[in-house]
Amino acid sequence: MTNYTKKDVFDELRTGSHISIGHPMWTYIIENQGDLCSYFSELDIELEIVSDVGYCYFKTSNSSDLIELKRARLIVAMLNILILEVKNLNGDEGLDDFLTGRTSIPMDSVDLHNTGRFSKALKQLGVSDNDEVQSKLKSLASFGFHKIVDGRIVLQKASERIFRYTRLEIPKVDALEEEE
Amino acid sequence: MGRVIGFNDRLRYISKHGRLLRWIVEREQSGKSLTYNQTLEHCRTVEPNVLPENILSQLIDADAIILDGTLLRVNGPVASFILWASDSSSMMPGSRIEQLFTEVFSQVKKIQEILSESSSTLRQKEAHIKERVRDMTTKLLSLRGSADENVRTVITSSSSLRLLKEEDRFQFIAKVSKLWEEDIDPISEFRDISSALQSERRDVRHILESISINPIANLNIRRDADKLLEQIDFTWDRVSIAHDIMIKEVRPLYKLVQQMKSTISIINSAENLVNHIITLNSFNPNVILSIPSIRISQLFDDLSVDSFILTLSDVQDESEYIIPQRPSTYEVDQINPPLDILSLLDGKTQVSDGMEYVINHPFTANHSLQECAIAVYSQRSGLHLIINRKSKRKVYSKENSEFILESKPVTLEIKS
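Protein chains in written order, with the working numbering: chain A, 45 to 224; chain B, 201 to 616.
Hints were generated in silico from the structure; no laboratory data involved.
All values reported here derive from a predicted model rather than from experimental measurement.
A hint or two may mislead.
Per the computed footprint, the stretches of chain A lying under chain B, defined by three or more beta-carbons under 8 angstroms from a beta-carbon of chain B, are [stated by the list, open to error]: (1) 56-66; (2) 93-105; (3) 139-145; (4) 162-171.
From the derived model, a few chain A residues whose C-beta atoms are all more than 10 angstroms from chain B [unchecked claim]: (5) Asn76; (6) Leu110; (7) Val154; (8) Gln178; (9) Ser179; (10) Ala185; (11) Gly195.
Glycine is no exception: its CB is placed at the ideal position from the N, C-alpha and C atoms.
From just these sequences and the hints, can you work out the full model?
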């Protein structure tokens, strides 16, 4: 189905969700991007379309319309820790495939609290055990950076936004020594 | 003084001691200089049944090896031949190819200058030009050879690069990046239609075309210009074809390298983020990412709903609601109602002069001539308008109208 409306796009994106290539609404958005961007700009909402990577989202300059800080931190931290976990599990090539969305990983293989540093970081963010990791991963999927299909995690093109933010915005910190 | 060695002997010695030469070339390529004694020692271990001094003296006599004090090196052309034979010859970088073309093009411009000099005789000019043409031919030949050689090197090295990807990712990234960025990309730049070299090439073609029909030049010069033009085009095409093949071969590897570089960068950033959370935990992604959570406007938010419910308790019943009086309708009464021609006909099936009939109808006493005309001439379903073309034109007017209408009478007929 390609005959969506502006309202469908608004309803999909207004709560912070990101639409990546492969989403049923993607083609409609790309075909009508000029019209949609100018329409939403009149409502003071910026529709950002990163067509070379393949995703889009709403951006708001109104600070009262932002998601809460805790949730934003959680999605950034969990996706980054997740890819480090995938590297540990599947090696560099496995990570290449995961990052490009070619492969998925089973939810139940994700045990982020098994690695000391990851566990410490997650506890700082209030995620105390692995059950909570699983439930957070499920609830955070609504942002569209990753999705969970048949119990497997698949990264979406929009995740590029999170990794770009991490690369550009997090100040350099000296490496810590791994705890025994 | 060594004896004079001919082609056959030279080729035989190089062939016989090719492995030793390759061993020396490989060491030279890794930046190690070998001494005569070190090479002698190597010969002893590899070929214990042959006197090593004899091997080295044969190679030195054949000019395959050059002795420089105590150090020893393989002669340049021989080293190139050995690399070529061992499928590991080096690429001619794109920048060098561009430089050779530039040199050829500037030589052509020089020929034009020589030709227009008034101080030299035609014979002198021809001699100068011949010399330059010879130099250019050599350069173009070298370019064509390098183009083919580059393709061969790329094709043979791409499979070994794929293997290297499994063994050493960083080496793989370095080698493929070098191949793409230094050997292939510069060629793409100068092949671009708007590049300086392309524009020079167009100028050079124009110069050579004009020399080939220039009456000041003699037949030999004109013929040389023709040949040169042909060779430049031929060489350019060979370099272009070779470049296309190299792109096709290396592009998938380069894309892979880009992906790998991106993965490495993502891993490093993720590691840094983990360290940041453990030590500082002060990042604020919600402002920079600006991820929204927009409530639909004009709907109650939770507080508004609470507040609305609370104020409901203060509401008092109204005893009676009185509808206010309307203001005067005088102005509304002054507006003529629109004329409906079917109502005006009032059951009549035909009227021979519609305009006359409507003007004189009692209902239209206050209507203007324009309003009457609109009623008559507007299309209505079920009503035929027939203009009596054979009749004379008639003038219609109305007391309250400043206009008159001059037209042939219109018969109005109700369709059965």
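Hints, one by one, checked against the model:
With 4 residues having a beta carbon nearer than 8 angstroms to a beta carbon of chain B, the segment 56-66 of chain A meets the requirement of three or more and the stated coverage holds. Requiring three or more residues with a Cβ within less than 8 angstroms of a Cβ of chain B, the coverage given for the segment 93-105 of chain A holds, as 5 such residues are present. As drawn, the segment 139-145 of chain A meets chain B at 4 residues by the rule of a beta-carbon pair under 8 angstroms; at three or more, the given contact holds. Proximity of the segment 162-171 of chain A to chain B, defined as three or more residues with a beta carbon under 8 angstroms from a beta carbon of that chain, is established by the 5 residues found.
Listed as a non-interface residue, asparagine 76 (chain A) keeps its Cβ farther than 10 angstroms from every Cβ of chain B; the least gap is roughly 20 angstroms. The beta carbon of leucine 110 (chain A) is not kept farther than 10 angstroms from every beta carbon of chain B, the shortest such distance being approximately 5 angstroms. For valine 154 (chain A), the requirement that its beta carbon stay farther than 10 angstroms from each beta carbon of chain B is met, with the minimum near 15 angstroms. Taking the minimum C-beta to C-beta distance to chain B, about 19 angstroms, the non-interface status of glutamine 178 (chain A) holds against the 10 angstroms cut.
With 10 angstroms as the threshold on Cβ separation, the claim that serine 179 (chain A) sits away from chain B holds: the shortest Cβ distance comes to roughly 20 angstroms. Non-interface status of alanine 185 (chain A) relative to chain B is upheld: no Cβ of that chain comes within 10 angstroms, the nearest being about 14 angstroms off. Against chain B, the non-interface label of glycine 195 (chain A) holds: every CB pair exceeds 10 angstroms, the least being about 24 angstroms.
Of the numbered hints listed earlier, the single one contradicted by the structure is hint 6.
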